[in-house]
Amino acid sequence: MTFTIYNTATRSKEPFEPLNPERVLMYVCGPTVYNLVHIGNARPAVIFDLLKRVLDTLYPEVVYARNITDIDDKIMKAAAESQRSIESISNEYADAYVADMAALNVLQPTLSPKATDHIQPMLDMIQSLVDKGHAYAAEGHVLFDVRSMHDYGKLSNRSLEDMLEGARVEVAPYKKYGGDFVLWKPSSNDEPGWDSPWGRGRPGWHLECSAMIAEHLGESIDIHGGGRDLVFPHHENERAQSQCAHGGKQFVKYWMHNGYINIDGEKMSKSLGNFRTVRGLLEQYHGEVIRFALLSAHYRSELDFSASLLDQSKASLDGLYTALRSSASLPSVEVDIKEHAAFNALLDDLNSALAISELHALAKELNRDGENAKPETRASLLKLGQLLGLFSVDAETWFKGEASDDDAAIDALVLERDEAKLAKNWARADEIRDELKELGIVLEDSKTGSTWRRA
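Just remember that my numbering sits 1476 ahead of the position in the sequence shown, which is counted from 1.
It is possible that part of the hints are untrue.
[Claimed, not checked] Derived lysine-lysine pairs resembling DSS-like cross-links, with alpha carbons at most 27 Å apart: (1) K1840 x K1859; (2) K1553 x K1661; (3) K1790 x K1859; (4) K1652 x K1630; (5) K1876 x K1859; (6) K1661 x K1651.
[Said to hold, decoys possible] Cβ pair distances, simulated, as ranges: (7) E1557 x H1626: 40 to 46 Å; (8) D1638 x N1738: 21 to 27 Å; (9) S1558 x R1529: 52 to 58 Å; (10) A1575 x D1887: 31 to 37 Å.
What the hints contain is simulated information worked out from the structure, not anything from laboratory work. A quick note: this is a predicted structure, and the numbers were derived from the prediction, not measured. Cβ atoms here follow ideal geometry from the backbone N, Cα and C, with glycine treated the same way.
Please construct the entire structure, taking both the sequences and the accompanying hints into account.
Here it is as structure tokens:
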């Protein structure tokens, strides 16, 4: 089956044909590190982590870059409010982001470039745009002249007038046209800044990604991803400055964008106060539960994120892990998952929701067949789940948690209860069940004895 993805630029699903089949190039916009990241930041991290995993099964090399924006007005404000340095703030929250994503089983990208390490490439790109007549200096600023690009607005499918009206910002007097955007802006003495031909200043947000892509991946890449909110203005402006700086060469072949997250039916926003940090959610749920929840809907659809969804995801994972635990005695075998329906679902524009339903079908088959279950069925469930970034722990650890000093005592009580049942000492068996329940232990009885898990 051909791998197809939805291309925002053409607003259609297309077969994926990389520029170089030997080396696929992908870039995803990472976080601006001024605070702990929220669940909205986690969705693209998880989605494009899954994409990277799928691409790795299809191509010999996939170079995946996800940047860190470590210079931004929000970071400057956070530093001023906390009376700390910008570097201290950005380093703390960059590390926190990496740790939170690791808890969601998001693998580290090939490259994690930081904006402040790429000031010279940014200055070089600005100079190129000025030299080519696509940018101009004004009052310490350098701005991109959007009217100099014949198809500006093509990615977001907007006219210049629509974009200017939608921006809802006061037009600065130094702009030739209201829609022109900043490439470089002046810094005051107490603000971070770098020397440039246009005075001491700092880069515009849009410029940072274009310069890092050109520096590490080249002038043209296969895939650029991010949240739907980045289509305009961020990705539209990236496309403009990159293609104009590089003589009109196509910047990105496939643009991919994930849908918004709603919290309990409302669009997540600071004004509503319904932000949910990943760190806070991890205090209540295993990272794999959060990842499962984020993959439970198609990446392009809106996702209603709620406690109910997380609880359902936990129950679904419990069911899959139960099938793996009950079939643990089956011998390990090698399987080719590329012909499986779950893999084909992922090849169809990364349909993780359908792939998960196919995992449940495999688990159902294992449970139905019991002692006669096929080793290939279990191996397929395990391998496909791991492709989705699930099953990061073995089944026993999933249910019992990391080994602790209490485990031996619990095992002894479960064994005593099994012996009491054999002796038809029902009173003692019930007593032990109640005792374990008080400890938060759930018993599951089968023909071969009892197993336990933490509630």
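Hint-by-hint comparison with the structure:
1. Restraint check: the Cα-Cα separation between K1840 and K1859 comes to about 16 Å, which is no more than 27 Å; the hinted pair holds.
2. Distance check on the hinted pair: K1553 and K1661 sit about 17 Å apart at the alpha-carbon level, within 27 Å; holds.
3. Using a Cα cut-off of 27 Å, the hinted pair K1790 and K1859 holds, with the two alpha carbons roughly 20 Å apart.
4. Restraint check for K1652 and K1630: satisfied, since their Cα atoms lie roughly 21 Å apart, inside the 27 Å limit.
5. Note on K1876 and K1859: the hinted pairing holds, with a Cα-Cα distance of about 22 Å set against a maximum of 27 Å.
6. Note on K1661 and K1651: the hinted pairing holds, with a Cα-Cα distance of about 13 Å set against a maximum of 27 Å.
7. At about 44 Å, the beta-carbon gap between E1557 and H1626 stays in the expected band of 40 to 46 Å.
8. Our hint of 21 to 27 Å for D1638 and N1738 holds, since their Cβ atoms are close to 25 Å apart.
9. Remark: the range hint 52 to 58 Å for S1558 to R1529 is contradicted by a beta-carbon distance near 37 Å.
10. As the Cβ distance of A1575 to D1887 is approximately 33 Å, the hint placing it in 31 to 37 Å holds.
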